[in-house]
Amino acid sequence: MDVESRGSQTKLVGANPSSVALASMELVSMHGSTDDAGIIHKDPAGKLPEPPRRKGKTFWMILLALVISFFMVVLEGAAVGNALPTIAGDLDIEQFVWIGTAYGLASTALLPLSGGLAQIFGRRPVMLASLVVFAVGGAVSGAANGAGMLFAGRTVQGLGGGGVLTLSTIILSDIVALHERGLYNGLLGLAWSAASGVGPVIGGSFAQTGKWRWLFYMNIPFSGVAAVLVVLFVRLPTPPGTLRAKLARIDWVGNALVMGSTTAVVLGMTWGGVQYAWGSAQVLVPLIVGFAGLGAFMLYEALWATYPLVPVSLIVNRTSISGYMQTGLLSIPLTGLMYYLPVYYQACKAASPIASGVDVFGAAFTVAPMTVVAGAFITATKRYRAPIWAGWALLLVGHGLLSTLSASSSRARGIGFQVVTGTGIGLVYSSTYFPVLAPLPVAENAPALALYVFLRSFAQIWGVAIGGSVLQNELAHRLPSAFLARLPAGAEVAYAAIPAIPTLPAALRTEVRDAFAGSIAVLWRVQLIIGAVGAVASLAMRGLPLHTQTDQQWDAEEEQKA
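Following this note's numbering, the numbering of the sequence shown begins with 1 at its first residue and continues without gaps.
There could be a bad hint or two in this list.
Cross-link-like lysine to aspartate or glutamate pairs, in silico, DMTMM-like; alpha carbons within 25 Å at most [stated by the list, open to error]:
id	residue 1	residue 2
1	Lys55	Glu444
2	Lys211	Asp90
3	Lys246	Glu444
4	Lys211	Asp92
5	Lys349	Glu511
6	Lys349	Asp92
Label-pair ranges, simulated between beta-carbon atoms [said to hold, decoys possible]:
id	residue 1	residue 2	range
7	Met61	Val132	16 to 26 Å
8	Gly416	Gly241	33 to 43 Å
9	Trp278	Val225	43 to 53 Å
10	Trp60	Val312	52 to 62 Å
11	Asp90	Thr503	42 to 52 Å
12	Arg383	Gly241	34 to 44 Å
13	Leu64	Val132	10 to 20 Å
14	Pro480	Ala292	38 to 48 Å
15	Gly416	Ala507	24 to 34 Å
16	Asp92	Ala386	45 to 55 Å
Calculated from the structure, these hints are not laboratory results.
Glycine included, every Cβ here is placed at the ideal spot set by N, Cα and C.
Given only the sequences and the hints, what does the whole structure look like? Please build it.
Right, dumping it as structure tokens:
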């Protein structure tokens with residue numbers, strides 16, 4: 001069934017041609033559109049376009065709060081990832097992967113709930129609570145003296161970080177209509193890209209100087225500044241009702257299903273190919289239970305939920321489905337690129353953790369401006385399909401080029417290929433937002449965006465897991481057996497092998513570096529195939545008009561008074 005809102009039409013009658021033309025120009029100037037018959041198209045929700053709102057100090061301060069919050073959460077994740085071996089060594093943690101997994105698991109599982117809480121309790125209280133929880137988690141992690149305390153702190157941080165990411169996206173949708181949101185959404189993408197780019201360098205620097213605890217402590221002042229801005233300027237209405245009535249509106253069963261299922265899938269993906277074989281019961285059982293639980297969740301939401309966490313209306317039109325699919329499918333190669341490109345430079349080019357962070361600037365700092373370029377294009381033209389299609393094409397070409405890199409390839413060649421890939425990713429990254437929202441009523445922004453952020457985060461876990469599995473399996477076949485015998489039993493081959501490479505005899509060192517280059521090339525080809533599926537999915541979306549209205553229920557208080 002293909003249910004899709006195509007808006008409504010209003011025709012001017014009983015007027016002379018000059019007045020019709022004048023009225024048409026006035027309405028079009030307010031970001032409406034006309035067709036060849038002189039029909040003026042309303043907003044997809046059925047309303048005539050509203051005049052663009054003047055953006056005063058309050059608007060820009062809200063936007064600053066969102067950008068700081070978004071940047072802070074992404075920076076923390078990118079920086080900590082590069083410092084994991086050092087942190088694990090200082091605290092005698094054998095399974096250091098769980099330092100990152102605890103955060104990602106808590107963040108992903110809470111994402112759908114945070115959108116529901118924002119609808120029930122209001123944007124500002126949930127955003128403030130998320131910032132406080134994130135800061136508290138950072139303080140606990142920074143003060144950790146062992147694995148248990150660090151895992152607990154990272155879990156708390158993940159709960160707060162997931163809420164911050166979701167609420168930042170939702171609040172932006174409250175203050176900017178979809179038809180002009182491209183540029184501002186691009187700014188959030190710019191914050192993400194910048195944080196992803198500098199994060200590994202900061203993490204490597206703190207790790208090498210023994211000050212890794214400040215990777216967690218630095219979130220406290222960031223959170224404080226963002227919280228002050230939220231208190232002072234994010235004056236969005238708080239829904240009326242008693243606490244009892246609000247608690248009754250929470251989809252408790254749906255939340256339990258999605259949290260439990262997500263946890264099971266993440267556990268299976270984390271264990272697979274590392275602690276246990278992919279075909280083992282320890283991996284298959286949580287994966288099967290998790291995906292069965294997600295299926296049960298969707299069935300419950302469609303048939304029985306009174307206040308569904310994910311309204312079925314979000315996924316019954318082909319354009320939104322295409323947007324959601326592209327969001328998830330893009331996140332897999334994007335995460336794989338940022339996670340495993342430094343491995344290429346560390347293994348094949350003998351780069352240090354800090355230097356490898358610099359070596360991936362070609363991708364990281366191409367994605368950033370391209371998100372803004374795509375957003376500006378969509379804001380100016382009100383069309384979102386062109387940058388998406390161009391982006392997918394460049395992503396495919398870029399991954400094909402990356403797969404040709406060898407251990408002896410020049411750095412200039414690698415950077416050039418990164419630029420092509422990063423340009424494609426940047427064009428798609430902030431653009432899939434629009435096919436998701438264009439067919440939906442503005443009143444469904446919060447649950448739609450919560451699902452959007454959830455799918456992006458969930459797919460990132462797959463990006464790490466798929467990349468790790470491909471790399472682990474390829475290295476196991478390509479590395480010389482004499483070298484493999486030196487590694488600890490059960491170790492993650494890539495990370496265990498890299499520190500030993502510089503100490504090898506020249507001939508063996510060359511053989512090992514060639515094995516790494518060939519293995520990573522296979523990973524880029526796998527990601528190219530995943531990207532091709534995303535490109536095919538993009539063909540299903542329609543070019544719909546963008547909403548010119550915001551949800552008046554969430555208009556800022558100053559605008560309501562005006």
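So, going through the hints one by one against the coordinates:
1. Lys55 - Glu444: At roughly 24 Å apart (the allowed maximum being 25 Å), Glu444 and Lys55 satisfy the hint.
2. Lys211 - Asp90: Holds. Lys211 to Asp90 sits at ~11 Å (cutoff 25 Å).
3. Lys246 - Glu444: Measuring from Cα to Cα gives roughly 18 Å; hence the hint holds.
4. Lys211 - Asp92: holds (16 Å)
5. Lys349 - Glu511: Measuring from Cα to Cα gives roughly 13 Å; hence the hint holds.
6. Lys349 - Asp92: With Cα atoms ~29 Å apart, Lys349 and Asp92 exceed 25 Å; violated.
7. Met61 - Val132: 16 to 26 Å: Because 20 Å falls inside the window, the suggested range holds.
8. Gly416 - Gly241: 33 to 43 Å: violated (57 Å)
9. Trp278 - Val225: 43 to 53 Å: holds (44 Å)
10. Trp60 - Val312: 52 to 62 Å: Violated, since Trp60 and Val312 (Cβ atoms, about 37 Å apart) do not stay within the stated range.
11. Asp90 - Thr503: 42 to 52 Å: Given a distance of about 23 Å, which is not inside 42 to 52 Å, the answer is violated.
12. Arg383 - Gly241: 34 to 44 Å: Hint holds: Cβ distance 40 Å, inside 34 to 44 Å.
13. Leu64 - Val132: 10 to 20 Å: At roughly 19 Å between Cβ atoms, Val132 and Leu64 fall inside 10 to 20 Å, so the hint holds.
14. Pro480 - Ala292: 38 to 48 Å: For Pro480 and Ala292 the Cβ distance comes to about 42 Å; the hint holds.
15. Gly416 - Ala507: 24 to 34 Å: holds (30 Å)
16. Asp92 - Ala386: 45 to 55 Å: Because 53 Å falls inside the window, the suggested range holds.
Checked against the numbered hints above, the structure violates hints 6, 8, 10 and 11; every other hint is satisfied.
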